[in-house]
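Novice: For the record, the sequence lines run as chains A and B. Using numbering that gives the first Met the number 0, read the first sequence as starting at 0 and increasing by one per residue. Using numbering that gives the first Met the number 0, read the second sequence as starting at 0 and increasing by one per residue.
Incorrect hints may have been included.
[Claimed, not checked] In the EDC-like style, the derived pairs of lysine to aspartate or glutamate whose C-alpha atoms are separated by at most 20 Å in a straight line are: (1) A/K84 to B/D29; (2) A/K85 to B/E169; (3) B/K217 to B/D29.
Hint data in this document are derived by calculation from the structure and do not stem from the laboratory.
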Amino acid sequence: MTLFSLARKNIARNFSQYFLYIASMVFSIIIYFTFVTLKYSNTIAEQTASSQKLGSLMSGAAVILIFFVFIFIAYSNSFFMKKRKKEVALYALLGVRNRQIGFMLFFENLLLGLFSLIVGIVLGFLCSKGFMTILIHLMGYDVVAPFTFSAVAAMNTVIVFLVIFLVTSFQGYRLIYQFKLIDLFHASKKGEVAPKPSMIVAVLGVLLIVMGYWLAMQDLFTSKVWEKIGFPMTVLIILTTVILGTFLLFHSVTGFVLAMIKKNERWLWKGLHVITISQLLYRIRGNARTLTVIAVLSATTVTAGGAVYGLYYNTNDSAKTINPNTFMYQSTDAEMDKQVSAVVSDTKYDKNIEALSITFHTKELNSPSTFDSSDKREYTVIDEKTYNQLASLQHKEKLDVKDSYAVILDIGYDKRFSPIYTGKTITTGNGHPLTFQSFKTQSVLNVGTAGITVVVSDDQYKAMQNDGKALHYRVLGIDDASVDLSQKIENQLPEEALFSSGPQDYQTSLEGVGSLLFIGSFLGLVFLAATGSIIYFKVLTEAEEDKSQYNMLHKMGVSAKEMRKSIASQVFVIFVVPLVVGLLHSVVALKAFSSLLMMDLAKPVLLWMIAYTVIYGLYYFLTVASYNRIITLNNKTEG
Amino acid sequence: MEPLLKVENIKKVYGKLSAAYTALENVSFDIHEGEFVGIMGPSGAGKSTLLNLLATIDSPTEGKIYMKNKSIHDMKEAALSDFRREHLGFIFQDYNLLDSLTVKENILLPLAIAKIPAKKINHLVTQISKVFGIEDLLAKYPYQISGGQKQRTAAARALVTEPALILADEPTGALDSKSATDLLESLSSLNENNNSTIMMVTHDAFAASFCRRIIFIKDGSFSTEIYRRDQTRKAFFQEILDVHAAIGGEVDDVI
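Next up, chain B with everything else stripped away, as it sits in the complex (with noise of 0.2 Å):
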């Protein structure tokens, strides 16, 4: 089967020449339809530059990323939003909600940038506020719900139009445990009832247990990737912690 996303030999260098930094370099994995991938590492590997060049708001020094075969970096800036709007969703640490509109605006932002009809969006939003049990919400303001009812938020924004990409950037970073486990437990109902990719960055083992497969990266290259299989979420996690150690990340950082 064709991959969905195609990560080749990427590489990223931030600034010119003696005050170089290289965050990403030589960097290649594929993701297929409906894998739910963590991204781990320690702070500072590039966990967060990788997730950027992919939702495509930073592009990459060298190598190329295919999604759907098309080259995402070479497209042009009409294609690249036409690409966002149908195959890309985010959900990012801080939220990122419009303070202005309720939950259901926001909600239902993505799809009525896509002209959506408006009797179809109402279905839509209705399903999915379902799905992360804020449908009691929708009539709020942002800033008159908890951060793990903002987060839920985000992400029912973020699958509303049904992506084929689902992008988190440290999505359960500012929740506490219990909203964490809320979201997560949404998340990963919905790949694997809708088929849904979801490829998350996390530093929280906890948060990354959820996921089916987890790469590591460390000083902005490739170092392993575990799978779970059919492995209890238990006994994932402590895998997850164990190579975490081994690859020299320090415990502190995950728990």
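This is chain A alone, in the form it adopts within the complex (with noise of 0.2 Å):
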């Protein structure tokens, strides 16, 4: 029998702990796979138009992916090799030689390595049919994903990785180099320097954030900071401001919370109370680095899924309010429209109106703030009638104008750029005085064809018919009409005829925002699974030191439920507290991030933010029960 032999052995009998570590590099090279895969795959190439723009994108991703997943894997590898110190310096002590050990686990490494890509690769090939439908749905295409392998996606995955295992089997030869073996022998003994929580660091971590949360929170069109300091550094500083501030607060404010909790004493010592706070105080300012890095990827994941999930959930609203009408066109002879009808059935409403295209003076809506400064604009005019007739089909509230007055349709209204409207008064070229009433932002008409549209009065409308240039319009209302009959009714129209379709520009925005949401949530999902796991490391890593003092506890007589309790409320604080921060500094961002395109995320982001919650709080149990398993597991073999 030989030492590998052993060796081997060793590995076979450890299978457990060798599975954590296989499993996630096996997880890290699915997902790279897959995405580049998908990268690669022809099928999304050939569908998109867009293709150039997305193919950047995934580049772009694949480039975060590589980055984060070999920070992942050294993660997990050091944490694997921590767990065999000991056995290392066993073998030193028995007179193994460095070199010997040392490329015993650069190989043995390497070994797990290519097992791992060689399992990756297999279930990622699997796996990409499944993220290749998802993504193709979400780009709104009816197409089969193809079940093909794709060779350069493997290649690539396989260079990316050799790579990776090689830099990580490196670290595994250079651990018995490392250190000295007196220290490999007590690693586990030594014990973690706590630092002191001061108030003013305490103090200091607080405003910090406070600081980085106001400037985020301005007004960036508007604020005079973002102005004086520029963007991309104002950007530095939120980030560094919070990030920093986050680190404080776990290093010096939770040590004071839980020194606070441990003076109430008739609380504390009351059963297990007493290790649960202990211990946390112990762990929590040891591990603020970590736990920092934990709320802050939590924050970004939470923020870059959530930003891209409500863009993608206000598609469908924005196509809406783009295009009040399935289908519109400026109509100018009859033949052009019988055309159209001939390739339309099954409308809901199918409208001829009439409308003036009218240049007015409008000298009085100019103000320093607004983007568009010239002295004559172009609006489409309609009258009461035509906007009530329509606005009655699209299930929109009635209007009453007064002679002389107006109510204007603009959509893209925004009260930091645009005029300030009501009361305003434009004259036409005519002479005619129109004074605002009010305004809308929502409009009767498809702003692709129509623009901005004021609506008058009938009478009104009547006075001012030689003030502009009279125009026919065509509104078409269908009910779940495809692409393909809009680019039929498209292909029987002329340029001029300025025709805009609802599900055209659906689709547009999907397959940006669509391609956008999956990378997103492939990106988060990848954040969010390396995440717990390095939670999940490093709870169990603790569990490993903390497991004799339970041994004694239970030889004490501490029931295994209060063990339980304790345990889980103690792996609750660890999981908890960067969760509370992480989706606070998420809350704050997209706050901001709605602002600034003038969206209500409420809804998407919540939504996001639950699923979030939710698969991190299965680590949460996952981890929970393994900590107790390995409690348990030791108590009764230690007696």
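Using the supplied hints, reconstruct the complex from the two chains, each of which is provided in its own coordinate frame.
Specialist: Put into structure tokens, the structure is as follows:
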């Protein structure tokens, strides 16, 4: 029997420990392989007109993935190596040369890596079909995802991971050289040096976070601070203050809170509370860095995912706002209408409407904050009757416009840059004045065809007949119209008809946002899994260190139930504190994002956060269960 | 006769400058082949530090340790590995068995490392396991056996290569008195019958009474030494207690 066969046996019997390590590697490989398969996939490239954009988006995401996967594998590798320090030390003490031990660890790690690579690529191949289907579905195509193996993707994955494994294997090789033998032996006995919480540091931490939040909440376009410091600098300052503040928060503030709890002896000296709080105090401060990483990762994942999901969620709405009618075009001759009618069937409504295109003198609308400061603006004018007719078809409120007054329909209205319409007066070339009695951010005409629309009273409309050009629009309302139908209609029409189509706009924005959503959720999934695993590994390392303590408690007659309760609450705090901080960060970031885009993201973001918290929660239960298993097993064997 | 082990004026300082703490100073002694030496002293006297130095897992700040006339801390890493493999055997207080290997595999680990042919390994393992009375446990895993059995397994592992020097760090520290007596008797008979050289650090006077010679250290330096000669173990035990009390060790600490 050789040393290597013994080492091999050791692997086989310690499989549960190795399993975790292999599983995290396989997971990383599956994710990465699937991702590059999609990147190189013809199906996707052929389908998207915006393929160039999608391609570079994917390449960018792939770089982030590599970076992340590397950190994740390095982390699990170091966790795994830590557990083996004692074994390695024993080999050294029994007279195996350092170089031999180093090579053993190096090859073992490389073999595990190769094994994971094969498993990962096979599983990744199976998964990529599923992911491809999801992506295609999200982008709104009706194509079946083909089941193809991409050799380029496999090569890419193999190269990337071989490099990663070589680096981590080298880490293993160096383990024996990095430490003195005596340290290896007493690795687990060394205590952590807990930093002392300081009041100043705690206050500083909170102040930094508040400052970052305050900066982020400023309006990007009107804030003096943003203007003065410049956009990239401000973003950098926000990130730095928030991350640093988070670190100080974990470093000191949590310490304070726990120390305060410790003063409440009546509560503390009841059952295992004393153990729970002391353990937390001991751990949380020493782990400020890991907790910060977890909080920041959570914040990034939730923010990015929430933003992208919010955009996706709002795509339908915004396509509807821009195109209140399914189709609309400017009709110039009856022949054109006939051809269109030949293609279209099953309309909910089909109307021909009259409108005027009038150029107004609009000096009064200008103000320092408006983007557009020209003296003349061209609006499409319709009468109240037409508006109300369409409004009832589109289930909108009716309007009542007084003579010589008007209502403007500007869906792009933004109080920061748009003119203040109400009360302002504009005049036609022939000297007819119109005063805005109000404005609406919804239109009844498709913006792509009609632009900004002004509604006037029926009499006023008649009076203005000669002030501009008369137009004929045709508006169609069709339920569940397809992109194909849209295409067919468009083929019948000349460019000048300014054809606008709800389904087409929806499809275009879906293509962009759908792939964004996919990449966003993909990366989100990776970040989430990695975040969960980092805490999992971390807590289990602590479990290994603490098992003798729990054995002692067991011997003192503490029931298993009480121990489980203490463990569950300790792990709960370790999980919840960074989650809460991370969610808080992302709420602020998303608030800033949504006011920037003038979108209501509350519902999609909430959904996203709930999804994140649920998966994160699963990790919590898994961790507590594993922790308990380690303790119970140890109590059983140690008696 | 040349001594097997020669410790010359060693000093060990932990930490730096103001925080420096001298664990050992001015310690010198010789150990000859076939001796069974106990190292005793109160807690914090530097016993474990001394053993770590002898085990080559730590190196002295000053002074030299010679084994078979070679300065062990001047050896290169590879030579040191060979040296440990060929000449040293270790027994730890907390056993240090690999949980994933059976008792048999744990015992044969050093032989496997030394690349001994399988047939010879079988023979050696059977032989040593008989000495320690664990031949029925060979197929079991460490978590299936008692503390005493684990320590006997660890001792068998230390002795199976027939090393020139066996270093034992509080081997009975975690054992009940029956298991401790069994282990000590096995060690003692190996010392008498096979002429094995054993050096044992202990704070337990009962365990120490199995030795042939006791070196006392106190506050990091050599204090005194006593030989058992032809006294009975009981009489030697009494003498150990007396000396221990005389150099200021607390009696509680001994028993």
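Novice: Quick check: which numbered hints come out false for this structure?
Specialist: 1
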